[in-house]
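Given these sequences and hints, build the entire structure.
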Amino acid sequence: MTSPFEYAPAPESRAVVDIKPSYGLFVNGEFVDGSGTSFKTVNPATEEVLAEVAEASDADVDEAVKAARRAYTRVWSRMSGAERAKYLYRIARIIQERGRELAVLESIDNGKPIKESRDVDVPIVAAHFFYYAGWADKLKYAGYGDTPLGVAGQVIPWNFPLLMLAWKIAPALACGNTVVLKPAETTPLTALLFAEICQQADLPPGVVNIVTGAGATGRAIVSHPDVDKVAFTGSTEVGKAIARAVAGTDKKVTLELGGKAANIVFDDAPLDQAVEGIVNGIFFNQGHVCCAGSRLLVQESVADEVMSRLKRRMATLRVGDPLDKNTDVGAINSAEQLAKIRELSEIGEAEGAERWSAPCELPSNGYWFAPTVFTGVTQAHRIAREEIFGPVLSVLTFRTPSEAVEKANNTPFGLSAGVWTDKGSRILSMANRLRAGVIWANTFNKFDPTSPFGGYKESGYGREGGRHGLEAYLKGADN
Amino acid sequence: MSRIDVRKTYKLYIGGQFPRSESGRSYVVNDAKGTLLANASLASRKDARDAVVAARAAFGGWSGRTAYNRAQVVYRVAEVLEGRREQFEAEMRASEGISAARARTYVDAAIDRLVWYAGWADKITQVVGNANPVAGPYFNLSTPEPSGVIAVVAPAGPLLGLVSVVAPAIVTGNTVVVIASEQHPLTSITLGEVMATSDLPGGVVNVLTGTQAEIAPWLASHMDVNGIDLTGITDEALATELEAAAADNLKRVRRPAPDTDWLAEPGLDRMTQFLETKTVWHPIGV
Numbered sequence: 001m002t003s004p005f006e007y008a009p010a011p012e013s014r015a016v017v018d019i020k021p022s023y024g025l026f027v028n029g030e031f032v033d034g035s036g037t038s039f040k041t042v043n044p045a046t047e048e049v050l051a052e053v054a055e056a057s058d059a060d061v062d063e064a065v066k067a068a069r070r071a072y073t074r075v076w077s078r079m080s081g082a083e084r085a086k087y088l089y090r091i092a093r094i095i096q097e098r099g100r101e102l103a104v105l106e107s108i109d110n111g112k113p114i115k116e117s118r119d120v121d122v123p124i125v126a127a128h129f130f131y132y133a134g135w136a137d138k139l140k141y142a143g144y145g146d147t148p149l150g151v152a153g154q155v156i157p158w159n160f161p162l163l164m165l166a167w168k169i170a171p172a173l174a175c176g177n178t179v180v181l182k183p184a185e186t187t188p189l190t191a192l193l194f195a196e197i198c199q200q201a202d203l204p205p206g207v208v209n210i211v212t213g214a215g216a217t218g219r220a221i222v223s224h225p226d227v228d229k230v231a232f233t234g235s236t237e238v239g240k241a242i243a244r245a246v247a248g249t250d251k252k253v254t255l256e257l258g259g260k261a262a263n264i265v266f267d268d269a270p271l272d273q274a275v276e277g278i279v280n281g282i283f284f285n286q287g288h289v290c291c292a293g294s295r296l297l298v299q300e301s302v303a304d305e306v307m308s309r310l311k312r313r314m315a316t317l318r319v320g321d322p323l324d325k326n327t328d329v330g331a332i333n334s335a336e337q338l339a340k341i342r343e344l345s346e347i348g349e350a351e352g353a354e355r356w357s358a359p360c361e362l363p364s365n366g367y368w369f370a371p372t373v374f375t376g377v378t379q380a381h382r383i384a385r386e387e388i389f390g391p392v393l394s395v396l397t398f399r400t401p402s403e404a405v406e407k408a409n410n411t412p413f414g415l416s417a418g419v420w421t422d423k424g425s426r427i428l429s430m431a432n433r434l435r436a437g438v439i440w441a442n443t444f445n446k447f448d449p450t451s452p453f454g455g456y457k458e459s460g461y462g463r464e465g466g467r468h469g470l471e472a473y474l475k476g477a478d479n
Numbered sequence: 001m002s003r004i005d006v007r008k009t010y011k012l013y014i015g016g017q018f019p020r021s022e023s024g025r026s027y028v029v030n031d032a033k034g035t036l037l038a039n040a041s042l043a044s045r046k047d048a049r050d051a052v053v054a055a056r057a058a059f060g061g062w063s064g065r066t067a068y069n070r071a072q073v074v075y076r077v078a079e080v081l082e083g084r085r086e087q088f089e090a091e092m093r094a095s096e097g098i099s100a101a102r103a104r105t106y107v108d109a110a111i112d113r114l115v116w117y118a119g120w121a122d123k124i125t126q127v128v129g130n131a132n133p134v135a136g137p138y139f140n141l142s143t144p145e146p147s148g149v150i151a152v153v154a155p156a157g158p159l160l161g162l163v164s165v166v167a168p169a170i171v172t173g174n175t176v177v178v179i180a181s182e183q184h185p186l187t188s189i190t191l192g193e194v195m196a197t198s199d200l201p202g203g204v205v206n207v208l209t210g211t212q213a214e215i216a217p218w219l220a221s222h223m224d225v226n227g228i229d230l231t232g233i234t235d236e237a238l239a240t241e242l243e244a245a246a247a248d249n250l251k252r253v254r255r256p257a258p259d260t261d262w263l264a265e266p267g268l269d270r271m272t273q274f275l276e277t278k279t280v281w282h283p284i285g286v
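These protein sequence lines map, in sequence, to chains A and Z. Quick note on our numbering: the first sequence kicks off at 1 and runs consecutively. Quick note on our numbering: the second sequence kicks off at 1 and runs consecutively.
Source of the hints: derived by calculation from the structure; they are not laboratory data. It is possible that part of the hints are untrue.
[Said to hold, decoys possible] Residues of chain Z clear of chain A, computed beta-carbon distances all greater than 10 Å:
(1) Asn30
(2) Ala90
(3) Arg93
(4) Ser198
[Said to hold, decoys possible] Derived contacts from chain Z toward chain A, CB cut-off under 8 Å, selection only:
(5) Pro133
(6) Tyr138
(7) Ser142
(8) Thr240
(9) Ala244
(10) Ala247
(11) Leu250
(12) Asp269
(13) Thr277
(14) Trp281
(15) Pro283
[Stated by the list, open to error] Pairs of lysine-lysine residues, derived as BS3-like cross-links and limited to a Cα-Cα distance of at most 30 Å, are as follows:
(16) A:Lys340 <-> A:Lys407
(17) A:Lys86 <-> A:Lys66
(18) Z:Lys123 <-> A:Lys423
(19) A:Lys475 <-> A:Lys140
(20) A:Lys86 <-> A:Lys446
(21) A:Lys446 <-> A:Lys138
(22) A:Lys138 <-> Z:Lys123
(23) A:Lys407 <-> A:Lys311
(24) Z:Lys123 <-> A:Lys446
(25) A:Lys240 <-> Z:Lys46
(26) A:Lys407 <-> Z:Lys46
(27) A:Lys475 <-> A:Lys252
(28) A:Lys140 <-> Z:Lys123
(29) A:Lys475 <-> Z:Lys123
(30) A:Lys311 <-> A:Lys115
(31) Z:Lys123 <-> A:Lys252
(32) A:Lys252 <-> A:Lys86
(33) A:Lys20 <-> A:Lys115
(34) A:Lys140 <-> A:Lys66
Think of the CB as a built atom: it goes at the ideal place given N, C-alpha and C, for glycine as much as any other residue.
Written as structure tokens, this is what we have:
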């Protein structure tokens with residue numbers, strides 16, 4: 001039976017984006033053919049092949065680093081901050097002008113809902129360039145000196161392709177560094193569109209270089225002897241490998257790695273708001289978020305109430321076509337990631353947790369996973385310890401604030417946490433005791449260019465965003 | 001007949017106690033001319049692990065104290081050290097063979113450094129933290145917090161070097177396990193005695209004497225250590241090995257700095273190296 005309240009399809013047009021059949025690398029201001037092989041990027045919602053993309057070889061990476069070094073030495077590090085700022089402002093403006101194009105392409109290549117790429121990703125990307133543009137001629141006020149490091153090698157993940165690019169490139173350029181950036185192999189297209197934006201802004205050649213490829217290309221960048229700074233966002237496992245690879249070198253490193261955030265709901269929390277926060281915390285971007293609230297810690301006295309409201313709310317989530325403006329949950333980014341989510345979910349069931357998935361019809365093509373919640377989870381369960389990186393929530397209960405803190409902190413990660421309560425003093429005491437880089441109280445998954453983001457413990461080191469984000473790209477006032 | 005002097009047995013400083021090495025080993029420390037000064041404990045892997053356990057146990061209480069209180073405790077260390085300056089000068093002259101004037105300079109500098117860092121305890125938050133003007137109705141504040149348990153390989157120049165690497169780590173709320181200068185370990189243990197009587201809770205500072213090559217790898221790969229300061233490592237290969245081992249749990253690493261001028265005023269970076277930035281968000285509304 002069709003509900004009278006069913007939404008009619010509201011697809012965003014693909015016509016605003018022109019996807020080329022093949023893409024080269026962006027080196028020294030030009031698109032060039034790579035010397036390696038090429039690979040395909042697909043639309044995860046349909047499995048349609050979108051384009052062939054060059055896989056940069058060691059030699060290609062070397063060319064890109066050389067271009068970045070030349071641009072650094074001859075142009076970018078010599079330019080006044082005020083002039084650098086104007087280029088960054090230009091880029092920010094072009095991102096706004098081409099915002100729809102960027103959002104549509106991001107949703108096609110990544111699988112995320114258009115309402116997120118349009119209303120969250122792209123506006124924050126533009127805001128990052130605006131924010132750091134303004135720092136370029138004010139570095140001496142930030143407290144980290146004003147000496148850039150040189151060439152930055154940057155490797156970013158597939159969950160927020162454009163946003164992570166902005167987090168990496170905007171502060172690097174503002175501080176006077178030049179960059180070689182590698183987007184993830186499953187989501188290279190918006191980075192290549194960004195390369196066109198750099199051309200459109202007349203950014204001097206070599207200041208930004210984009211090389212596409214997979215792990216081997218990333219390793220070539222990280223281990224290149226003429227790279228002064230390594231910035232990585234991705235898995236903890238790869239982060240550790242990078243930390244080992246740079247041991248004994250002079251390279252400065254920042255790592256933004258995994259998380260297993262606790263979202264803690266007390267019995268006095270406004271429950272409907274908390275449920276919205278839980279949903280936003282774990283189902284935003286299909287749960288492909290390093291700071292996702294993947295462990296719900298709910299006070300025992302309201303656990304049943306929260307669960308029934310949560311399931312009712314989850315049943316209203318619309319899963320499907322990422323380009324439909326009504327879609328809440330889009331496609332899983334790749335077959336590989338879908339397999340990992342399925343595997344961990346099966347382990348959750350095998351270990352005795354109770355699984356419930358929102359009733360929804362999944363498209364027959366593409367990579368899909370229904371929003372899922374596990375109850376009866378203990379701290380020993382793998383689904384409570386390992387990052388699933390998908391729309392899967394594990395629910396644990398607690399009785400006292402101390403027990404909540406104990407359970408929340410009981411992981412090797414320390415990226416983020418959420419607290420839901422009406423009591424201000426409890427919020428502040430929980431915020432003090434939680435070992436995580438970002439604490440969202442009575443809200444979740446909020447980001448802003450002015451606000452530092454980054455983890456404790458094995459969630460990595462360094463901060464991105466805000467004044468603190470400049471430190472990663474400057475020599476430091478003390479050195 | 002002349003009086004027979006009472007010679008001191010130098011032990012480890014772990015969890016506020018002065019145990020011998022569990023391995024039962026010690027090593028000979030000679031003075032500058034090569035004659036025996038004393039025996040020092042030769043710490044083992046187990047001693048290093050015990051020290052980490054003590055440092056972890058002390059972390060919650062120490063980091064939970066008010067910054068004002070931590071400042072007072074570190075200042076108290078300076079006070080007690082000032083009162084025992086002759087002992088330190090004599091020990092340094094004997095073990096390092098330096099002049100009286102030079103020993104005095106180093107002791108002065110060590111005391112002054114403690115006072116300098118004590119003053120930072122309740123100011124560092126204001127200097128490196130801030131409110132963030134986010135584009136939305138949110139209260140949003142970034143503040144620094146200690147990383148946790150920090151392993152420190154102290155540089156040579158046992159008193160000033162040790163104070164210069166330990167004070168910045170503890171004044172910000174971390175707890176530390178220090179490997180003292182291998183060649184000149186004696187003043188490090190005497191400094192432990194000063195700290196033990198300066199209101200510093202047991203376990204906040206733990207001092208191991210022995211060899212870097214034997215102890216440091218266990219600290220670098222220890223999963224309950226959050227940071228490692230390699231300042232005192234002069235062997236490049238060992239430094240690289242330790243830094244790679246530190247990646248096992250993504251410890252914050254301070255790389256060796258062989259050319260440090262310990263008499264110069266240090267900047268903030270020894271403090272910020274082992275601080276995390278925590279950002280707290282809350283909606284603004286009615």
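Hint-by-hint comparison with the structure:
no.	hint	result
1	Asn30	holds (32 Å)
2	Ala90	holds (34 Å)
3	Arg93	holds (32 Å)
4	Ser198	holds (26 Å)
5	Pro133	holds (6 Å)
6	Tyr138	holds (6 Å)
7	Ser142	holds (5 Å)
8	Thr240	holds (3 Å)
9	Ala244	holds (4 Å)
10	Ala247	holds (4 Å)
11	Leu250	holds (5 Å)
12	Asp269	holds (4 Å)
13	Thr277	holds (5 Å)
14	Trp281	holds (5 Å)
15	Pro283	holds (5 Å)
16	A:Lys340 <-> A:Lys407	holds (25 Å)
17	A:Lys86 <-> A:Lys66	holds (25 Å)
18	Z:Lys123 <-> A:Lys423	holds (29 Å)
19	A:Lys475 <-> A:Lys140	holds (12 Å)
20	A:Lys86 <-> A:Lys446	holds (28 Å)
21	A:Lys446 <-> A:Lys138	holds (26 Å)
22	A:Lys138 <-> Z:Lys123	holds (23 Å)
23	A:Lys407 <-> A:Lys311	holds (23 Å)
24	Z:Lys123 <-> A:Lys446	holds (29 Å)
25	A:Lys240 <-> Z:Lys46	holds (26 Å)
26	A:Lys407 <-> Z:Lys46	holds (29 Å)
27	A:Lys475 <-> A:Lys252	holds (9 Å)
28	A:Lys140 <-> Z:Lys123	holds (20 Å)
29	A:Lys475 <-> Z:Lys123	holds (23 Å)
30	A:Lys311 <-> A:Lys115	holds (23 Å)
31	Z:Lys123 <-> A:Lys252	holds (27 Å)
32	A:Lys252 <-> A:Lys86	holds (27 Å)
33	A:Lys20 <-> A:Lys115	holds (24 Å)
34	A:Lys140 <-> A:Lys66	holds (29 Å)
Hint violations for this structure: none, all hints satisfied.
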